[in-house]
Amino acid sequence: MTVTAAGEPVIRLSGVGYTYPGPPPVRALLPMNLVIFRGEHVAVMGPSGSGKSTLLNLVGLLDRPTAGRIEINGTDMGAASERTRAAVRAHEIGFVFQAFHLLPHRTAVENVMLAQIYADIPRHRRREEAMAALAHVGLAKRAHALPTALSGGERQRVAIARALVNSPSLLLCDEPTGNLDSGTTGEIADLLAALHEAGATLLVITHNPAVAGRAARRIAIRDGRLVDRVDRGPGPEGGQGAFVT
Amino acid sequence: MPLSRLRLRDLGSEMLAGLLQRPGRSALTLLGTVLGIGAFVAIVGLSQTASGQIGKQFNALDATQVIVTDSGAAQSQQPMLDFPADAATLADRIHGVIGSGVWWTVPLTRATVTSLPGRGGLGLPVTAASPGLLTASGARLASGVLLNQFYESHAQNVAVIGRTAAAQLHISSLANTPAIFIGGQPFTVVGILAADPRLAQLNFGVAIPESVALHLWGPPSAGTSAQMLIHTRLGAATVVAAQAPIAIRPDNPRLLSAAAPPNLAHLQHTVTTNLNSLFLALAGISLVVGAVGIANTTLVAVLERAGEIGLRRALGARPRHIGIQFLAESTALGLFGGLIGAGLGVVAVLGVTVEHHWTALLDPRIVLAAPIAGGVIGLLAGIYPALRASAMEPVEALRR
Numbered sequence: 001m002t003v004t005a006a007g008e009p010v011i012r013l014s015g016v017g018y019t020y021p022g023p024p025p026v027r028a029l030l031p032m033n034l035v036i037f038r039g040e041h042v043a044v045m046g047p048s049g050s051g052k053s054t055l056l057n058l059v060g061l062l063d064r065p066t067a068g069r070i071e072i073n074g075t076d077m078g079a080a081s082e083r084t085r086a087a088v089r090a091h092e093i094g095f096v097f098q099a100f101h102l103l104p105h106r107t108a109v110e111n112v113m114l115a116q117i118y119a120d121i122p123r124h125r126r127r128e129e130a131m132a133a134l135a136h137v138g139l140a141k142r143a144h145a146l147p148t149a150l151s152g153g154e155r156q157r158v159a160i161a162r163a164l165v166n167s168p169s170l171l172l173c174d175e176p177t178g179n180l181d182s183g184t185t186g187e188i189a190d191l192l193a194a195l196h197e198a199g200a201t202l203l204v205i206t207h208n209p210a211v212a213g214r215a216a217r218r219i220a221i222r223d224g225r226l227v228d229r230v231d232r233g234p235g236p237e238g239g240q241g242a243f244v245t
Numbered sequence: 001m002p003l004s005r006l007r008l009r010d011l012g013s014e015m016l017a018g019l020l021q022r023p024g025r026s027a028l029t030l031l032g033t034v035l036g037i038g039a040f041v042a043i044v045g046l047s048q049t050a051s052g053q054i055g056k057q058f059n060a061l062d063a064t065q066v067i068v069t070d071s072g073a074a075q076s077q078q079p080m081l082d083f084p085a086d087a088a089t090l091a092d093r094i095h096g097v098i099g100s101g102v103w104w105t106v107p108l109t110r111a112t113v114t115s116l117p118g119r120g121g122l123g124l125p126v127t128a129a130s131p132g133l134l135t136a137s138g139a140r141l142a143s144g145v146l147l148n149q150f151y152e153s154h155a156q157n158v159a160v161i162g163r164t165a166a167a168q169l170h171i172s173s174l175a176n177t178p179a180i181f182i183g184g185q186p187f188t189v190v191g192i193l194a195a196d197p198r199l200a201q202l203n204f205g206v207a208i209p210e211s212v213a214l215h216l217w218g219p220p221s222a223g224t225s226a227q228m229l230i231h232t233r234l235g236a237a238t239v240v241a242a243q244a245p246i247a248i249r250p251d252n253p254r255l256l257s258a259a260a261p262p263n264l265a266h267l268q269h270t271v272t273t274n275l276n277s278l279f280l281a282l283a284g285i286s287l288v289v290g291a292v293g294i295a296n297t298t299l300v301a302v303l304e305r306a307g308e309i310g311l312r313r314a315l316g317a318r319p320r321h322i323g324i325q326f327l328a329e330s331t332a333l334g335l336f337g338g339l340i341g342a343g344l345g346v347v348a349v350l351g352v353t354v355e356h357h358w359t360a361l362l363d364p365r366i367v368l369a370a371p372i373a374g375g376v377i378g379l380l381a382g383i384y385p386a387l388r389a390s391a392m393e394p395v396e397a398l399r400r
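Residue numbers (my numbering), protein chains in the order written: chain A, 1 to 245; chain B, 1 to 400.
Chain A with its partners taken away, still in its complex shape (with noise of 0.2 Å):
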């Protein structure tokens, strides 16, 4: 099964399976062939167990497949060094998650800037570019505020300009609206899709159909397979298709 798309490729899966060790073993994800091209806004669908989360970790270089072949940028990522991958994850992987994961005893500002650590932006730029982040998910006027002063909408916005604020090449959305109520559900969502029309690359695991609505490209799975094109929407280069096969 193999769903595609025209253009240039960031993410490509060839043959990608995960089967957890147990015992018993168990088989997550079957293996599959999935391409996502630069500028893409993709919506991964599929019931909680289906292996999403499963397959967003191993495109987000958090672990590592039992089977098949993971491409980032060209680069077979599978048989990379763990220096490899954690540089790949500073430079250009973002990740949202559905808790945020923000520290609780740093403001907002420092939680954007823990990013550029690793990165190893120069400490001059850091709280600039931090800031111009925040301004970017407009939430320049909080950046002083720590998580517990901030409502679920606002750390995810944090959250999104701490993904954002290393300019990476994806951004990997993990139920970003998970933890939302339905109003700030519909900002971030909003905000996603901005993202997207300024030419960032986006992988979304979602239940929310609203914030799978926003996405191009819809693609499901369950019981570990990719069974179906959800929809498809026009591709970078026009609208070549992605498809199952």
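Errors might be hidden in some of the hints.
[Unchecked claim] To be clear about the criterion: a stretch of chain A counts as covered by chain B if any three or more of its residues have a C-beta under 8 Å from a C-beta of chain B, and this derived list gives those stretches: (1) 59-70; (2) 83-92; (3) 111-121.
Note that these hints are calculated values from the structure, not bench results.
Where a beta carbon is used, it is the ideal one built from N, C-alpha and C, also for glycine.
Since the structure of chain A is already known, use the hints to place chain B on it.
This is chain B only, laid out in the frame that chain A set:
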């Protein structure tokens, strides 16, 4: 693509932020190290200081003195004197003896020393002294002469008085051959002492010839005893003490017991060893407790901060970056604990020395090494938690 990095400055700021995010817990974690290092510094400092005091107090004066006690008389129910009349002569023959003399406190029951008969007496100690005693004890004269063999052998009623006693008896000069009355018996004052460094009671009392005391008041009363003071050459005291009872009473040396001053080096060593072995053991236990405390707290922090570890890995941290950060935190805890402990240890040493009017002695290398020792303890204590943290899988960590 450049590798992900954790610069030293970033490591320092992240380490501080990690410690300060739970300041109360960090402070409590420090306690073990503070106590251990503090105890260590205090013990070493007090040990050195105490040794210094021993060195000061056991000076040459004490180290050249042997006291022979009439232990037979001390245990007797009857007044008696086991020193023979020529005891000092016998003692003076021992190699290493400079001078010697026998003395005891004359058994007068009432305060009976006065400068005028019929007047109320003063409660001054009256010492029966053999001719060589005042020389052996190092007495210095303000005026007049010391007791000598002539007075002794002729049983002359003469007295040498201390400067304080002279003032109390209103005797300022020997020009008019002043007399005093002891127990109603007249004595001519032949000398006034400026000071006696070995026998304090001579400074504020009266010394009379041994033969006169024996004649008028008999031997020392039951339960007390005469003593012989032997002035020795430096280093000879121990040998002289061993030989004196045999030389003086070869017929029954057990009647006498001789006490030499403690061997200075041995005493210092004993004190140091005793203090060190006892308190250093306690300090060691405190340090182990401190290390376990740091290890435990750091391990708990690793488990509590699993989400943070997962986040940092997602942001590009390598396993070694995570490990180094936790290792830095535990090392800093040990270092701060060592610093505070060293400070408190120094304060403790100063407090004790001020209280006892001692001179504080503390090797600065110990004070400087203490925080480093704390840091090393923190470093060692942090190894296991740091390994656990660095081995944590990011997916698993983020899930917690």
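Do the hints match the structure? See the list:
no., hint, result
1, 59-70, "holds (count 3)"
2, 83-92, "holds (count 9)"
3, 111-121, "holds (count 6)"
Figure legend: structure checked against the earlier numbered hints; every hint is met.
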